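Chains as they are written, first to last, in my numbering: chain A, 1 to 402; chain B, 1001 to 1126.
Derived from the structure by calculation, the hints contain no laboratory data. Since this is a predicted model, take the numbers as computed values, not measurements. Some clues are possibly wrong.
[As the list claims (entries may be wrong)] On the chain A side, residues computed to face chain B include the following (Cβ under 10 Å):
{"hint": "1", "residue": "A11"}
{"hint": "2", "residue": "E75"}
{"hint": "3", "residue": "N78"}
{"hint": "4", "residue": "L122"}
{"hint": "5", "residue": "M313"}
{"hint": "6", "residue": "A347"}
{"hint": "7", "residue": "L378"}
{"hint": "8", "residue": "S382"}
{"hint": "9", "residue": "M387"}
{"hint": "10", "residue": "S396"}
Ideal Cβ positions, reconstructed from N, Cα and C, are used throughout, including at glycine.
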Amino acid sequence: MRLPIYLDYSATTPVDPRVAQKMIPYLTEFFGNPASRSHAFGWKAEEAIEEARGHVAALINADSKEIVWTSGATEGNNLAIKGAANFYKTKGKHIITQKTEHKAVLDTVRELERQGFEATYLEVESDGIINLEKLKAAIRPDTILVSIMMVNNEIGVIQPVWEIGEICREKGIVFHCDAVQGAGRVEIDMQKLKADLLTITAHKIYGPKGIGALYVRRKPRVRIEAQIHGGGHERGFRSGTLATHQIVGFGEAARLAKLEMGAENERVRSLRDKLWNSIKDMEEVYVNGDLERRIPGNLNVSFNFVEGESLVMAVKDIAVSSGSACTSASLEPSYVLRALGRNDELAHSSIRITLGRFTTEEEVKYAADLIRKKVEKLRELSPLWEMYKDGVDLNSVQWAAH
Amino acid sequence: MAYSDKVIDHYENPRNVGSFEKGDESIGTGMVGAPACGDVMKLQIKVGADGRIEDARFKTYGCGSAIASSSLVTEWVKGKTLDEAATIKNTQIAEELSLPPVKIHCSILAEDAIKAAVEDYKKKHK
């Protein structure tokens, strides 16, 4: 077993060696510009790109003509949200999203607000999932766009995007879904999921960074305004020379994901459950977000009275991330956990552990033992733990906020 | 973010962790920070008959830099008079531990903790 152990698969995944192998010839040998129509170098690259497009389309059961290459999820979300809002702005100016979206969605919607659009940011329930009745109630006659993610990046909960699609379709509202954390983990079938725009990215499914795709529905057709102009690549949706090797890697990653998703999910889920079962008997440990409606690899837990960043530092043999960002003057804890109604202490005390394709049982056991040991050590250091053990109600203490 | 070697040393081998016996008259206790802000420090000083701090203890809920800052000041206050201890500045702590700008608040909290502990002792012995 090699240390440190990577348990941050929601941040990014390693490129699968089979994917890397497939990419290499497109860097050195088949380096042609896929837009070159006049020679075999260009034709070869174009052929590879269309094959990859087919694999990515197949992963979500879409038509390959509905796949637009982007540089990644941030660009995909920008293109979808700004593109749709700008195209449909004469119809209305109201956009609905929710508070636990990724910053690539939240900041894009904020920017549109600056440009004169209006936005509603829906609250989530304490399990992290949005309430469909609240969504329906937020829809206005001038609502043109709803953007709700499929899977939350911090807590891994799966939103009812299938139902949201139905609601939006019925009302004639464009529905964008950020499915970055869902692809390869949740079965996505665009014949059943009524999203008009759907963002995915390669590096979360064992493909390379720097390449993503936006699904743009053709039936019924959704229109978006391009955000990057130039040579008219990707049918004008997104200009710029295509990164053949990246796209080939994305295609192969998508092909493998479709093929192996079922078995992989089962294996990862059983490892995740083992991890949770070996720490859940500790005192004052809480799972953040619904444990059932969640992708298999995600475990987001709060260890009360232990600060998350110090825990991440203590368990440095495992690579995990913290919901506490003690790096600014404001000491803001995770906005996602705050949106669940978790108090600040629990939000500051959280760590996100995400498992994936290359996680082994031995690694999970090591991680669980290490976490137990270090939480105990940090609690010995914690004045809050001491007060809790002495029966002091921490809510009754007058703290000097700073 | 990379921590300095001194922060890591204090974090991995914190000095003077713990609490003194409750009700001891020679103890001054300072508790600063708030759980909602992500850090709480408890610093205790034990003052000898000669008016000098003969021992100190801490417990901290917070990031590595907060733990290191409080561990460091337990060492620094020992042997000092109350007035000397109260002159320890956060800038000295930050410099000793090479804290980056985003972690300066940890050193401020440690300075506040010393002041609060000294204050508490003085209040008890007025």
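Right, here's what the structure says about each hint:
1. A11: 15 Å, violated
2. E75: Violated: closest Cβ of chain B sits about 27 Å from E75(A), beyond 10 Å.
3. N78: 28 Å, violated
4. L122: 25 Å, violated
5. M313: 5 Å, holds
6. A347: Where the cut-off is 10 Å and the nearest Cβ of chain B is about 9 Å from A347(A), the hint holds.
7. L378: 8 Å, holds
8. S382: 5 Å, holds
9. M387: 9 Å, holds
10. S396: Since chain B brings no Cβ nearer than about 12 Å to S396(A), farther than 10 Å, the hint is violated.
When held up to the earlier numbered hints, the structure conflicts with 1, 2, 3, 4, 10 and fits the remainder.
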